[in-house]
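Line order of the protein sequences matches chains L and V. Heads up: the first sequence at position 10 corresponds to 789 in the numbering used here, and the numbers run straight through without jumps. Heads up: the second sequence at position 259 corresponds to 1038 in the numbering used here, and the numbers run straight through without jumps.
For the record, the hints were derived by calculation from the structure and aren't laboratory data. Be aware that one or more of the hints could be misleading.
A few chain L residues that face chain V, going by a derived Cβ cut-off under 10 angstroms, partial list only [to be verified]:
#1 SER833
#2 THR925
#3 PRO926
#4 ALA927
#5 PHE929
#6 VAL958
#7 ALA971
#8 GLY978
#9 CYS988
#10 THR998
#11 MET1001
#12 MET1057
#13 VAL1070
Don't be surprised by glycine CBs; every beta carbon is placed ideally from N, CA and C.
Protein chains: 2
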Amino acid sequence: MNNTQQTPLNTGVFGLGSMGSGMAASLLRGGLKVHGFDPHAPAVGAFVRSGGLSGDVQSAVENLDIVVLVVVNAQQTESVLFGEAGIVQWLSPGATVMSCATVPPDFARTMAARCNEVGVNYLDSPISGGSVKAASGELTVMASGTPAAFAGAAPALDAMAAKVFALGDEPGAGSAMKVVNQLLAGVHIAAAAEAITFGISQGIDATQCVEVISQCAGTSWMFENRGPHIAAGDYTPHSSVEIFVKDLGIVSDIARQSRFAAPIAATALQQFIAASGMGHGLEDDSAVAKVYAKQAGVKLPGDVAEE
Amino acid sequence: MNNTQQTPLNTGVFGLGSMGSGMAASLLRGGLKVHGFDPHAPAVGAFVRSGGLSGDVQSAVENLDIVVLVVVNAQQTESVLFGEAGIVQWLSPGATVMSCATVPPDFARTMAARCNEVGVNYLDSPISGGSVKAASGELTVMASGTPAAFAGAAPALDAMAAKVFALGDEPGAGSAMKVVNQLLAGVHIAAAAEAITFGISQGIDATQCVEVISQCAGTSWMFENRGPHIAAGDYTPHSSVEIFVKDLGIVSDIARQSRFAAPIAATALQQFIAASGMGHGLEDDSAVAKVYAKQAGVKLPGDVAEE
């Protein structure tokens, strides 16, 4: 808000997908100088037309104060930072990397250590809130890292986030909290699908089910958000089935490594895998309801009558 | 509110447990004449001391306008209505039975048909809200039945409920909705326990976990209600592990009969069964967290340090 320095901070957004493009727009609106990079050329083109910068990666990176990394997973995160054309080699000491993908906490700690070795700050900063809040600059960020990392990322956080949970100075804590959140989010979506489809099998109208349960102790944020998709038979992807194959997969991997038995998350993961296997991977995550309906011979709202 | 008839309606509450005693008190406060029955003599004594009536079942039942049945399950419901000393034989035609236990929808339909045969109305009316709301007359009721059943039960509903969902004129719909709610409630409690304990295994403080996730998309009504019990290490029973062994058992039975695969509910049920098997059946349902902690070698808040 009171960012009155002469030269606007140089920010680079890596990954201009549904989250990254909105975050880049929020950074531009916040008065920062924003460079955007993505292997998908049309995404870069759209960003440049909206006032962003792009061009040669190395020369841009050498002048960046803040890197906002909004890629899909740990593998892409490592590749952008330390791959063949990894950017950390070109970053100036004192620059700050904000890593926003959902990744294992141990991975976040490793990335932070490798960045710190060359004087680069690393903020473990997974995000929550979806593409709409990314575009409006109202994300929730679960962040942990050194005071220098928080200070370095502050102007970008101000521009992109409505709420920043500061979870201590150890990288990994932010990612751990995000993983816990995704465990619950994935389980609650699959449970909502299980419950609504089960209700249909018992003669309950899906719309009435969503209306009543939303006011009872059985409700969840995801039930209220995704339930209406099932009731309307509208599987336009807001967040896709594949996202939860990935995120509950991360939960499952970490839990296995930690010798933590997480049977409910494991079961929910199987349902998303089945939804993807049935060809619904790119539909809205609420399409996991189709697994239940198919297995029970139940019709969902929007199903075409078959005679 | 505007119940101005000369003679107060005669109501009988069968089952004076944590829910029934509160509901009986709410009926008394609502100006009805209330008879209370329970095999547990001290419960009846306490009710009589608070202004209620009891005594010979048959002579009381012959004059009842409304029966409120708040027993534990289908078996007890059938026993009170049609067992050896079943009350339906003594009820006057036109009397209304409100059946409040969580039971299979088919069972509710059978009970309604048997009551209707002898001119007795039956309102399929499971309740939600817990003992505090039972005592304050602010329950949620998921009700279905004939217009005559709704009309007959109205004075009791007015006295006991803050919200009545009228789910149509077919008995069974109320029970079906309640069963869907219990599926979600049970899954969400077990998922909250799984997530918080998993978080602890990743170094997250349980109190911070509850605080952060409550404001994120991973939250649920049960997470916000039961999470603090786990964070405080306080397993004083509000609703016990055994209640969810029972209620998810009903879900499981109905789902199996309907050939509806409900793997998440089935998995959550196993966790409550394990909690009970470990000796925690009469503790708060959030004690399902102890199953996760034991299996992962993780300490929960309140655990005594072992060296």
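Exercise. Go through the numbered hints given earlier and state which of them the structure violates, listing their numbers in rising order.
Key: 1, 2, 3, 4, 5, 12
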